[in-house]
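Given the coordinates of chain V, work out where chain X should sit on it, guided by the hints.
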Amino acid sequence: MAIEFPRIPLGDWIEGGLNWLTSEYSGVTRAISRVTQTGIDGLNDALMWLPEWGLMAILAAICWRVASLRLALGAVAGLALIWNLELWNPMIETLTLVVIATLVAVVMAIPLGIAAALSTRLYKTIMPILDFMQTMPAFVYLIPAIPFFGIGSVSAIFATVIFSMPPAIRFTTLGIRQVPVDLIEAADAYGATRRQKLLKVQLPLSLPTVMAGINQTIMLALSMVVIAAMIGAAGLGSEVWRAIQRLRPGDGFEAGIAVVILAMLLDRLTQSFRKGRKQ
Amino acid sequence: MNENRNVKIRVRHLSKVFGNNPKKALELREQGLKRPEIFEKTGLTLGLSDISFDVYEGELLVIMGLSGSGKSTLIRCLNRLIEPTEGEIVIDDEDIPTLNDKALLECRRRHFSMVFQNFALFPHRTVQQNAEFGLEIRGVEKTERSEIALKALKQVGLDGWEDAYPNQLSGGMQQRVGLARALANDSTVLLMDEAFSALDPLIRGDMQQELLELQHRMQKTTVFITHDLDEAINIGDRIILLKDGEIVQIGTPEEILTKPADDYVKRFIEGVDMSKILTAEHAMRPVRATAREDDGPRTTLRKMSENGLDSIYVTSRDRKLQGLVEVDTLEQAAKEGKDTIREIMTQDFRSVPPDEPLHNLFAMFSERSFPIAVVDDQKRLLGVVVKGAVLEELAQAGDN
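Protein chains in written order, with the numbering used here: chain V, 1 to 279; chain X, 1 to 400.
I should point out that these hints are in silico values taken from the structure, not numbers from a laboratory. Keep in mind that a hint or two might mislead.
[Said to hold, decoys possible] Below, in silico cross-link-like pairs of lysine-lysine (DSS-like), each with a Cα-Cα straight-line distance of 30 angstroms or less:
1) X:220 to X:102
2) X:142 to V:200
3) X:142 to V:197
4) V:124 to X:142
5) X:34 to X:23
6) X:34 to X:259
7) X:142 to X:154
8) V:200 to X:102
Values in this document were obtained by computation on a predicted structure and should not be read as measured data.
Okay, chain V solo, but in the shape it has when bound (with noise of 0.2 angstroms):
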């Protein structure tokens, strides 16, 4: 005997809530898009400002200073290799939404992850929040991200914070977290606040943890921003897109490769960011 048990409309509750959402809050929605497509195209134009040689060598000197001159070369001839290639402004538009998307995540995940290292409550609520984040396919994102901010760069910066914020969470509230407790002992017995306790010893100690989370945002930004590239997010991504459409393999490797070489060079950057701040 079959118990006849409907189905729930999970599907149509949810796309009532974010109808309701869109409508309700299309002033808001509105406004964070015309602030963040200023901020796009701001930076776009002035990285397409500058000569694309001009560029290479502030990248270089930075990857010196920080890094190495291996690193340093390594740039030069990676960058060099995309201008070759034509790609240097579709890279030049990926790059501008990695910065953006990161610096929108990390703004809002640091001071999320403090909170939940601070309050045990705050913490066992954030957490399964994040997991769904994580796991939610990140393809999901992009469909809600369309009636709130249109077709564009806007949309891809939405889905992408929402997608890179978590490591910069869990890592800030890992790094806070795993301070030594004779250390925080130590700040209470000389009659440190909250506050003072915060800034004095638990952040620094956290810093490079923080910075390893940082890391993880930015790769997981790239990664987004080039899927993006179907709700119409310019850059290294539609460059692939257009590939696949096309069935032209060498242009979506060309691209992709592209993808790889800026990749590479976030990731040795932000990383000796952090062991440089070790020392």
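Quick look at chain X alone, frame taken from chain V:
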């Protein structure tokens, strides 16, 4: 001597129960149950039970006990790193357990500096920045706190290391930084939680000595936790012995050693090196006979043979020690017909004050075989210590 000293911290009926619903444990204690039974019945641990004592201004009070005796809990209750369950802790008319958060911070800043077993230095700060920590927390202005910190580092012998990081220093030096951090803070009480236990024995001995010197110079009220009775006896003005969260005995090192309150204390002191505790006074014997400077050699020889002595100390009329003569030289002088023993007495002997530790006397006996003279600060002869008496005294102390 302690009765008329000022009380700095007064602790009364202090108890600490670990676990939820602590009242229950305290009720059971009122019925006369002890820690193990209370734990069995309720799952609550009676960390400290009805602790009362005073810390006098300027003294070095040692709280000693084995692990689990509650000594770390006790020191942390004083500055409320651990919340006491009941009881009073009064410092300068403030009852610490009743303070609100703000007053507690203020109280910690003004009254307590702490030195930790594992140093608890901040690895991201230089030696100087570590030493400045307490002052920085209190909002002391930068140039002033840097000056104070440098002075504190100098006191502990770390000048020149200001810019090093803790991980570049040896254990002993790290703990000096910990001590400098506490001294720079200039609080009224110094709390030392097994401060030297993580150091190797040689360094530990040095640090104890330096702490004693600092203590003599600065008269800082200090509460020192240790599990090491030798250390307690070496540095403590008074010792509190803890067992299972209760006080077993409070007393000076000598009282603890010579009048142990019960078998527990007795067993504890069995392992102590008594030669460090006992002093020349303990092994001193009255002088059987002395000679005068203007006595003749023959008189002196007769005095000696009556008392069975090989050598005799010579004193002036007011009993001040002048010298020593030996039987051989006396016989020689008697043959030569000398009038007084003044010109033949020797200064080749050792004299010590009454509080000289016995272990220092061993070395002296290996150089000279004469009895060692014990003199007061006026150089008056109080008695003598002979080699056999030292060993005898040690043997007796061991039997106790």
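Of the hints stated earlier, which fail here? 4
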